[in-house]
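Visitor: Listed below, chain by chain, are the residues.
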Amino acid sequence: MRITVGKGSCGIAAGALEIFELLKSGASEKQLDCPVTATGCVGMCYLEPIVNIIEDDGFVRTYVKVNAEAAGEILKSAAGEQNRAEEYAIADEDAAGLKSQSRVALKNCGIINPESIDEYLAQDGYAAARKCIGEMTPERVIEEVKISGIGGRGGAGFPTWFKWNAARASAGEKKYVICNADEGDPGAFMDRALIEGDPHAVIEGMLIAAYAIGSDEGVVYVRAEYPLAIERLEKAIGQAKERGFLGKNIFGGGFSFNLRIKAGAGAFVCGEETALIASLEGERGMPRLKPPFPAQKGFWGKPSNINNVETYANIPWIMRNGGAAFSAMGTESSKGTKVFALTGKIAKGGLVEAPMGGSIREVIFGVGGGIKDGKAFKAVQMGGPSGGCIPAELSDTLIDYRALAETGAIMGSGGMVVMDETTCMVDMARFFLDFTCRESCGKCVHCRIGTRRMLEIMERICDGKGADGDIEQLTGLADEIKNGALCALGQTAPNPVLTTLRYFKNEYEDHIYRKKCTAHACKALLSYEIDAERCTGCTLCARKCPADAISGERKLPHKIDMNKCIKCGKCAEVCRFDAVAID
Amino acid sequence: MECKCQTEMIPKFADAAIDISPLLPVLEAYSGVQGSLITVLQKAQELYGYLPADLLAYIARRLGVAPAKVMGVVSFYTQFRTKPAGKHLILICQGTACHVNGSAEIERAVREYLGVEEGEISKDGLFSYNNVACLGCCSLSPVMMIGDKTYGALTGKSVAKILKEIEKEEAE
Ligand SMILES: Cc1cc2nc3c(=O)[nH]c(=O)nc-3n(C[C@H](O)[C@H](O)[C@H](O)COP(=O)(O)O)c2cc1C
Ligand code: FES
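Line by line, the protein sequences are chains A and B.
Each residue of the first sequence is one higher than the one before, counting from 1 in this note's numbering.
Each residue of the second sequence is one higher than the one before, counting from 584 in this note's numbering.
Isolated chain A (complex conformation) (with noise of 0.2 Å):
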């Protein structure tokens, strides 16, 4: 019998290291012949700290939102003492999410120890570096690549073996492969899950594509924000290297490769794959015009191969399991599975890897378990600051490549933020613009001062401040910046604003010419007003409004000075009777 606990940074921050020391010391002192080991996120985040325990046959336990009574229990149960360690396994619904899903590149996420190269052995780990290395030559790994069908999943989808195959046809002994684990879609968190959890197989997928491609040296470029994720990585680079599966004359067949992790610095652009490279070399991460292509003029002006974490994730399983395994999954324009991250106002939060083809609304109302406090779904946005608002009303939409670019969103890296009735449209637009704004490089003039225009605009409709024209003008704008950009920074960086235009013309207009945010976030454009029926003069309001702006007798009904207000919403917050009404 052992017990695994759950590791991942979400488990850690549910406080899974207190529940893992726990249970350590309480097994040693019970004299559990059970060890005690960790593991990466299993995706059901809504219900960390996780424990299981996994019986020598392989039946497993599941317990979820553990605490230290629980741990008690739990460490009961194991030791066969009566317990109460039921009350907190996991339902059955929530067991059989996980179970509905096709686990490709999250395989061995929440499994395995992700520290020890033993357990990923186990998992038929590396056994596809060997063939490939062992009996396939380079051009037939790019062809079972073909034969997959994997588009890259750093969010254009662009087909993986024709880049693969760009990079091995480029002239050249000098050749590199890069992993991109810059992950910079805020809300997105599919590839640190991934490299926390099941680090191996990203470096099994750079090791295929570098004897594919012809390459000695690998780099994985991890953004600085994720420290646990490089500790792991660097772990097990270490173990890999032990054991000779990087390094020289892999699996004796005169192959070699190195790799190391390049922590990057905090810079969105950096994604982008020219600015990627250009901060791997010292720079800032500013892009440049393609062509060329990395896959003829990348790092130190080498022939470079970069890919998504989850695309290199997918490698292992494919060689193993053959392309037209993975094919089998998905729709015709895009095979295989996705790993989407959830977040926002979602009841179960978390990561869901599923086939390509399914539609929006099995994701988010199936897995996801629908919205949060039961509230009314309004969105998704899908594709982070590239891509856009997808209403409720297209939530049959299927998850493919092509039918989610024709809402006007992006498939992305997979990231799904999922808003409702309380969530402005208007503002997220402007939020976004933000991101994009402070992001950008500032290379170019289109993307630098173009998206400050739309920003300051966006601001000034949120304040109340709105004038006719003004959809005119952002439309016109994000017309000249679309087509004027250099990078698809900047290509991409309206389409936040024209998707929430698209579907929620409607809020604009009543922030522009009602001076009304339904939604009620924007607050320059709300008023409070105290119910006179309700207030029972209890002067809490009073005396917790920063402002001083409400006034009235004790037991009888206050006011609210709106000269006075800062619309801070502190007098609504405190009301213990509802009698501050918000429009």
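Keep in mind the hints are simulated off the structure, nothing from the lab.
Please read these numbers as outputs of a predicted model, since none were measured by experiment.
Ideal placement from N, C-alpha and C gives every residue a C-beta, glycine not left out.
You may find that some hints are simply not true.
Going by beta-carbon spacing under 10 Å, a handful of chain B positions derived as facing chain A [to be verified]:
no.	residue
1	Gly615
2	Gln617
3	Val623
4	Thr661
5	Leu674
6	Cys676
7	Gln677
8	Thr679
9	Cys681
10	Val683
11	Cys717
12	Ser722
13	Leu723
14	Met728
15	Lys732
Straight-line distance between alpha carbons at most 30 Å, and here's what the computed DSBU-like set of lysine-lysine pairs gives [stated by the list, open to error]:
no.	chain 1	residue 1	chain 2	residue 2
16	B	Lys740	A	Lys544
17	A	Lys375	B	Lys744
18	A	Lys555	B	Lys740
19	A	Lys131	A	Lys241
20	A	Lys372	A	Lys564
21	A	Lys567	B	Lys670
22	A	Lys24	B	Lys744
23	B	Lys751	A	Lys544
24	A	Lys146	A	Lys290
25	A	Lys146	A	Lys375
26	B	Lys626	A	Lys235
27	B	Lys652	A	Lys302
28	A	Lys567	B	Lys747
29	A	Lys505	A	Lys523
30	A	Lys482	A	Lys297
31	A	Lys523	B	Lys740
32	A	Lys567	B	Lys706
33	B	Lys626	B	Lys652
34	A	Lys544	B	Lys626
35	A	Lys375	A	Lys516
36	B	Lys626	A	Lys523
37	A	Lys564	B	Lys740
38	B	Lys747	A	Lys570
39	B	Lys626	A	Lys174
40	A	Lys570	B	Lys740
Once you've looked at the hints, dock chain B with the ligands against the given chain A.
Guide: For chain B with the ligands alone, kept in the frame of chain A given last:
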């Protein structure tokens, strides 16, 4: 106009109260390595907590790159600070998921508790805070990070409690 940074910044460095000895092995290790500027700056910031101008000038000279280029890189990446941070640096996530779940409130709570704006150090020197784009724990939003520790599902109240707790530990 002649470039003054070499003549004006480096002598000033001699007076500065910075002990460069911990950085020397780093510079030693990377001085010949192409493209290592960002790595050196990261290590320097780890050692000193921030990157004072004099130190940057020194690094530029040792690596043989123009001080302007060093400054260019430092100002480009959000990780680099040219001003000191509080003993505990708070990173408040303003990513999409956290924004939707009320990160603005979290920032307000932190700002009110500390009585300082973003990037400034609290009176007791214990804290400063910065807004960041996403900490990758979006399913627990709103999220903040203090040191290596991530705190999720925050509310204005829980933020104050967490900060108070750290103050208490510091007082002991
Ligand atoms: C502004 C911008 C940001 C990007 N950020 C990322 C990122 O964080 N991670 C990523 O894998 N790809 C990102 N990309 C896409 C990369 O440029 C590149 O296409 C990708 O890494 C290729 O890998 P793939 O083919 O496996 O998807 C970004 C692109 C742009 C324009
Ligand atoms: S959006 Fe806040 S952690 Fe990702």
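Visitor: Which of the numbered hints are not met once you compare them with the structure shown?
Guide: 1, 20, 21, 25, 34 and 36
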